[in-house]
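For the record, the sequence lines run as chains A and B.
Adding 10 to a residue's 1-based position in the first sequence gives its number in the working numbering.
Adding 4 to a residue's 1-based position in the second sequence gives its number in the working numbering.
FYI, nobody ran anything at the bench for these hints, they're computed from the structure.
Any given hint could turn out to be false.
[Stated by the list, open to error] Residues on chain B that point at chain A, a partial pick, calculated with CB under 8 Å: (1) Leu-152; (2) Val-195; (3) Pro-248; (4) Ala-265; (5) Pro-277; (6) Ile-279.
Because the structure is a prediction, the values reported are computed rather than measured.
We put the CB at the ideal spot given by N, CA and C, even for glycine.
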Amino acid sequence: MTDPAPRSPASPPPLLRLTGLVKEFSVARGWGRSDRLRALDGVSLEIPRGETLGLVGESGSGKTTLGRCILRLTQPDSGAVEFDGIDVLGLDPPALRQFRRRMQIVFQDPFGSLNPRMTIGKAVREPMEIHRLGELAELDQRVDALLGEVGLDQSFRPRYPHELSGGQRQRVGIARALAVEPEFLILDEPVSALDVSVQAQVLTLLRDLQQRRGLTYLFVAHDLAVVRQVATRVAVMYLGRIVERGTVNDLYAAPQHPYTAALLSAVPHPDPTAQRDRTVLAGDAPSALHVPSGCVFHPRCPHIEKDERCRQEVPALRTVGRGTVACHHAGNRG
Amino acid sequence: MSMSPVLSVRNLTTTFATVDGTARAVDDVSFDLHAGETLALVGESGSGKTVTALSILRLIPTPPGLIASTAQVQFEGTDLTRLRERDLRHVRGAGIGIVFQEPMASLNPVLTIGLQVAETVRAHERVTRKAAWARAIEMLHLVGIPDLEQRARAYPHELSGGQCQRVMIAIALVCRPRVLIADEPTTALDVTIQAQILELLTALQREFGTAMLLITHNLGIAAGIADRVAVMYGGRIVEIAPTPELFADPKHPYTRGLLEAAPRLDGPATPTPAIPGAVPPATAWPAGCRFHPRCSKAWERCRTEPALLDVGPERTARCWLVADDNGSES
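The whole structure should be built from the sequences, with the hints applied where relevant.
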């Protein structure tokens, strides 16, 4: 199930490489019985340094679990996480603690992830204290600098999260993540809780920070239109598997997996004159408790060539054209 | 659309007493909803769109909420703001159906879904249990619940979010109301399920001839299914126009800003231009035009508030830039 993505020999090694990640959870059913929920089913990915990978999928596709496995907030059952040549899953606790400085996460709900009784200044300062970065005396200066970098100013230091708007809170979440000077950020739906007019502010900030600090992002989102604005490459997940990978340009212009195509066609378009061929997928959102046989997408797949093979045989991720796709029928459409 | 409206809202003002003072969540809102049409009420959080919807059916908790006595909500010849609670209960559900954002939270967790639909029929019509159940099954079939025999006896927690929203739609439409209020009906759902639910809503609306007041923050959804769009900001309607005209030529700078900020699949693959600042709290709307502190076109005159000005047939906008005597902008 593992598949090393093809790279040209000239390209530098990726900052992050995931190989065949598998994670199962056990879900209690009562009476001492339990079901197995396969959240990740052999996920392999690479992110080159300084790039943004957009990870797209609907709820239950495993994208959040993937982020947690990278940070080792969740221990995967098998597979490998390699960060800058380091085997992350093999780190012992003290080494892991040191290592965590290098990757941070920004959550969707900035209100839920900030301590309501901690001032903004203290919230941004805390990670530096934990990781013992810098002299105590200069920390306040660093807090001010960080607040400035995310578009706030030092007047926010004594304030509490409830006094801030959603966009301002998300800026604090970003400042907090940047406090330990990481190289890699997992952005887990960072703008989906924000209003449209504010979303754009935060996306612009993230792009500027990436350019200024040379950051690498894993941008987890369900909104394809948002991902397109920030990512260079995209991976589409469905029921714990990557079903398609490619550059933003290729994947949006010519999606090869029927699920990617359906996702794109489902995005509401702010233009009433746009005449589009809409593919509305039948069937319910899938459940990782009842993973279909063969291609996990086959019960909802609208592809005209859907056949017995789709129901029986799991399609491997393979290179088709300039992208990578897990569909038996990709590439032979005429 | 010259026929008389099915729902006519005039001077709706809803305030809430808060520790920070009085919040004017909805401030002097007027609009008409015509038979069979879809009017989208578009705005960001805090713009007053949900409070507008709830105020129509008097679902505002009082106190702290209060609907000003100047408000009128005309529905089928009666003013809902003056109606006795008992009579109003027959309007809710039978005359005006409502679908909320969180289907899981709106259904009763201890009743089967078939019973919840049947209960709605029994609340409004004098029918036997058996007849009500038959109507429920028919309606659940119409909204596309699969394996009906089993599913009708299922509890909400056994259903997915999309199926729960289908049940909510069944409850809202089973008595064939003339008006459906849909408050962010797909916001909690995944994008492929959202497409299904929107398709279902428009199909049923066409079949039953229901007028729909669609509340959404998503301009794409409004563009896809609304006949007309009303844009709200700061508790006020700032622009109303037929959908094609609003998207082709937005008159209010806020509408324009929202459209430019909306992420889209065409256009440049870079972050869209944002509107600077944030929506102020409803306890402290700025004086004058409520958008002027965030507006790039603001000038002296914006310190006093314009009325909704006519900018074409069936189009109004609340902005001095479109005033006849202004002349600086066509």
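Interface hint compliance - Ala-265/B to chain A, C-beta minimum distance less than 8 Å: Status holds, d = 5 Å.
Min Cβ distance, Val-195/B to chain A: is it shorter than 8 Å? Since the shortest Cβ distance to chain A is 5 Å, the answer is holds.
Restraint check, 8 Å cut-off on beta carbons, for Ile-279/B near chain A: Status holds, d = 4 Å.
Hint Pro-248/B vs chain A: min CB-CB distance below 8 Å? holds, 5 Å
Does Pro-277/B pass the interface hint, meaning its C-beta sits closer than 8 Å to a C-beta of chain A? holds, 6 Å
Mind checking the CB of Leu-152/B against every CB in chain A and telling me if the closest is under 8 Å? Not OK, violated: Leu-152/B not within 8 Å of chain A, min 15 Å.
In terms of the numbered hints stated before, the structure departs from hint 1 and from no other.
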